[in-house]
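**Student:** In case you want the letters, here they are:
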Amino acid sequence: MNPRPLTVVLIVPTGVGASIGGFAGDALPVARAIAQISDTLITHPNVLNGAQLYWPIPNALYVEGYALDKFAAGCWGLQPVHQNRIGLIMDCAIEPDLQLRHLQAVDAARATLGLNITDCILTDRPLQVELRTSESGASWGTIGNPDSLLRAADKLIAQAKVQAIAVVARFPEDEGSLALENYRHGKGVDPLAGAEAVISHLIVRTFKIPCAHAPALSALPLDPHLSPRSAAEEIGYTFLPCVLAGLSKAPQFVTPAVGQASCLSQVLGGQDARPTTTNIYTNRGNFESASQSLWADRVDAVVIPATACGGSAILSLSGRSTVQIIAVGDNKTQMQASPEKLGIKALQVNSYLEAIGVLVALRSGISPASLGADISSLRCLSDSIKQI
Amino acid sequence: MTTHFISAEVDLRDTAEELHSAIEIELKKHGEPLRWAVTDVDVDRQKALVEGYVLVEASPVAA
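Residue numbers (our numbering), protein chains in the order written: chain S, 2 to 389; chain F, 130 to 192.
Since the hints were derived computationally from the structure, they do not count as laboratory data. The beta carbon of each residue, even a glycine, is placed where N, CA and C say it ideally should be. Errors might be hidden in some of the hints.
[Said to hold, decoys possible] Label-pair restraints from in silico Cβ distances:
1. S:341 to F:159: 27 to 33 Å
2. F:173 to S:126: 44 to 50 Å
3. F:150 to S:155: 29 to 35 Å
4. F:158 to S:134: 52 to 58 Å
5. S:227 to F:159: 36 to 42 Å
6. S:219 to F:173: 43 to 49 Å
7. S:159 to F:171: 46 to 52 Å
8. F:176 to S:381: 19 to 25 Å
9. F:171 to S:235: 22 to 28 Å
10. F:140 to S:371: 36 to 42 Å
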């Protein structure tokens, strides 16, 4: 009999100043290590994207944040693919030379990696990205012309039949700012990250296909004190290669059909929206077998920074008794949403090394508590105490 | 269509799932939630402090 596969979700929220994973793909070593002891690792672009650098992990699923939230809520399933046909949207505000750099990055990915990137479109208006910082210290941003972004995506899907979309938006130059200086030195919050999430969330929400974003920026002056955590973004002209590599094998989404509730779990009393009839799901017929799709009830564990437990995915998954939430203390963030404050049952560990040990124990069927020096007494339920 | 940043306070609930639903309901008063998180909890007041952004569709222009 085959044992149950171990499915692990690794989340490092973007734009919250995570000390590990808050910079240029610097949680990728964590993802690689966790993938080694998992059958399936589900994680997101902020973890896997290192600008020019990336690492193909065969058992990792690259799932954009909005889709990850929907997956965790039991609303969407994940359908692994062999390869996606990718389209590229470029903000028309990008200068011609910088546009050419990005097109050449795409050509390099086609010729050197064999990726299927077929079509490119310029937005009909500048996207006008603006950067902001919230009261909590998280970065976010606005897009002046979201409709232009969605028109471009619609054309790529309708005319070029793309299955995944890479977006490159012109981001404001931040040279000389304290936030950028801190970021380059491995401190503070990525000032671009929050606005990037707005862009990809918009497309995934609207079209329900994989999407990821790379900002277009001019090269910065050389900094001899650049942090290793930020260095991946300063070794080339674009941040695009990791996005293309991730999207090429990103799972497609199994989603409710038009006219159905946006999340069937809500109308089924907490059950997953796993398809029961072929006509519930618009895109189910596109896949060879819906039984290959992955749903939230397959998740065994979630690894999250201890102060960033307030996101949609964690609140959803914490309601599942079979999911072990592992909260990592030394990945500090600007958030203050700990499991205890939120009433979430979680196993608190100090480091990712310790989290990996917990996952090994779970996979082996060993209670992590039994590996410590102190083992607590057996708990007796109140109405049985008199009988013992 | 526009994107808006929202800060809100939501009463803590008995379970995280109930809190999730309460946050979505609160944010939907302002638009379609795109991304949100509880950033902190005021334990004394039993309030979750939430930041997020929502999508607001443009109102149809009257003919």
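**Student:** Does each hint hold? Answer for all of them.
**Tutor:** Against the structure, the hints:
1. S:341 to F:159: 27 to 33 Å: holds, 29 Å
2. F:173 to S:126: 44 to 50 Å: Taking Cβ atoms as reference, residue 173 (chain F) and residue 126 (chain S) lie about 48 Å apart, which means the hint holds.
3. F:150 to S:155: 29 to 35 Å: holds, 31 Å
4. F:158 to S:134: 52 to 58 Å: violated, 24 Å
5. S:227 to F:159: 36 to 42 Å: holds, 40 Å
6. S:219 to F:173: 43 to 49 Å: About 48 Å separates the Cβ atoms of residue 219 (chain S) and residue 173 (chain F), which means 43 to 49 Å holds.
7. S:159 to F:171: 46 to 52 Å: holds, 48 Å
8. F:176 to S:381: 19 to 25 Å: violated, 36 Å
9. F:171 to S:235: 22 to 28 Å: violated, 40 Å
10. F:140 to S:371: 36 to 42 Å: Distance hint for residue 140 (chain F), residue 371 (chain S) holds at roughly 38 Å.
This entry does not satisfy hints 4, 8 and 9, going by the numbered hints stated previously.
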